Amino acid sequence: MTPIAPSPFVISETAFALCLVLLLLAPLAIAGVALINTGLGRSRSAAQSLLGSLAIVAVAAIAFALVGATITGNPLGAPGSTGHTFYLAGKPWNWLGAGPLLLRGFGSAPFQSQLALLFEFLAVALAALIPWGSGTDRWRLTAGCAAAAVLAATVFPLLAHWVWTGGWLSQLGVNFSLGAGFLDPGGAATVHVLGGLSALAVVWIAGSRRGKFPKEGFSTAMPGHNAVYVLFGCLLALVGWLAFNVAGAILWLHAPLAALPVTALNTLLSASGALAATFAVTRIRFGKPDASLCANGWLSGLVASSAAAGIVSPGPALFIGFVAGIVTPLLVELLELAVSIDDPSGAISVHAVAGLWGLLAVGIFASQSGQLLAQLVGIAALLGVILPLVYLLFWLLNRVVPFRVDPDGERIGMDLHELGGGAYPEFVIHRDESYR
Amino acid sequence: MKYAGLLVMPAGFFLTVAALVLFPDPALRAAFVLCGLAVEALGLAVAVCGHMEARGESRP
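Residue numbers (this note's numbering), protein chains in the order written: chain A, 1 to 436; chain B, 1 to 60.
No wet-lab data here; the hints were simulated from the structure. Predicted model, so just to flag it, every value in this text is computed and none were measured. One or more hints might be untrue.
With the Cβ distance kept under 8 Å, some of the chain B side facing chain A (calculated, not the full set) [stated by the list, open to error]:
#1 Lys2
#2 Met9
#3 Thr16
#4 Arg29
#5 Phe32
#6 Gly36
#7 Leu44
#8 His51
We put the beta carbon where it would ideally sit given N, CA and C, even for glycine.
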């Protein structure tokens, strides 16, 4: 398949209706990730985890409406300002969007602008939710909401403008003859890599759960409390991802209707390849397939498909998922055992690394010359600008709103400490032997 | 050490941008973009090492 370079386009009524229906299904990706995060945490933090997910989605939407949408700017071809540009070596560098304040004129905007904004609202909610799972069992609800507001108001809009709404990364093809510019139709960079790198920043700042890494011996196993939530969350996520990837192909690649079934098929194949690979890897490593790692593998295939599903053909899509499924369980293990990173949801491996792999794979399998270099420049921007920026913002935020709960709160559980009641009041919560 | 690593990473990004601006030749441009990514990888490795050192010191 040949991606179509970003250019002004007018959406047909059929495509508008289809895209709107897809965007109404996209929140299932958010629901799936929320369930996965909750299931991978401990039972005494389950209610706080799900309430936190709701609160983060709400805060991200409000922050994006108040500030973020203005910074993201209008899609290419839409009326209004194209953003802030400076010139370097005779080339324009569009680095900041300039959309209308407080969504003014949204109702009368062209169809494609309305859909693009709705897509961005859902994308920012998902991006803000990803780090919540990594901070589970010790990240305070208030701090999680504050971090979501910071992401939705500053970093996500900046990146979304660079990638989707005519920013310098999307214009690499026009200005430097690098393929069709940086391609990320489903949000692998803007949602998943951003979310995964934010998760890394949270883990670095909040630290690990108490007792996770004892002074002597290996790290303590703290398995998720509900594998059914996790696996059902994976099924819900598939529907959401299909919606995100197909809607993204319409909006950001201007794909014709005939190309959309392949995009959906690629999404499914990528996830399937990843699950098969993770199933095999964990079967070989542990003698039996591991449910939570298989869920991580499935999700990593979906994440990798976010970049590639609208661009590659089915064979490469399966291969991309397969590679993601091999790397993810090994990386989850490596980060915990060798690097002492306590990431309960595996968001760093699943969202950041699989997202980066998907973006790289687009460059490898795309037909245009220079596409690989465009993807590498985008990856360099993610690692060289977005990670340090997110870390700096979260580090400053941690001074104002401390991320980590006090030791007593961690001992009794986030549900009792922050909400005053547990998720499973009729169940006996056993003493945690890992707490020393 | 973690902060040093995180400070090195933008340097890699600026190397990548400089490659785009300074080198019209595709091979040279690609080489410098890869160098920029290598610098970023080095910065990330230093930051991770800093995290591991800090974890070792604070273990209960």
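Next item on the list: Kindly indicate which numbered hints from before are broken by the structure, ordering the numbers from low to high.
Entry: 5
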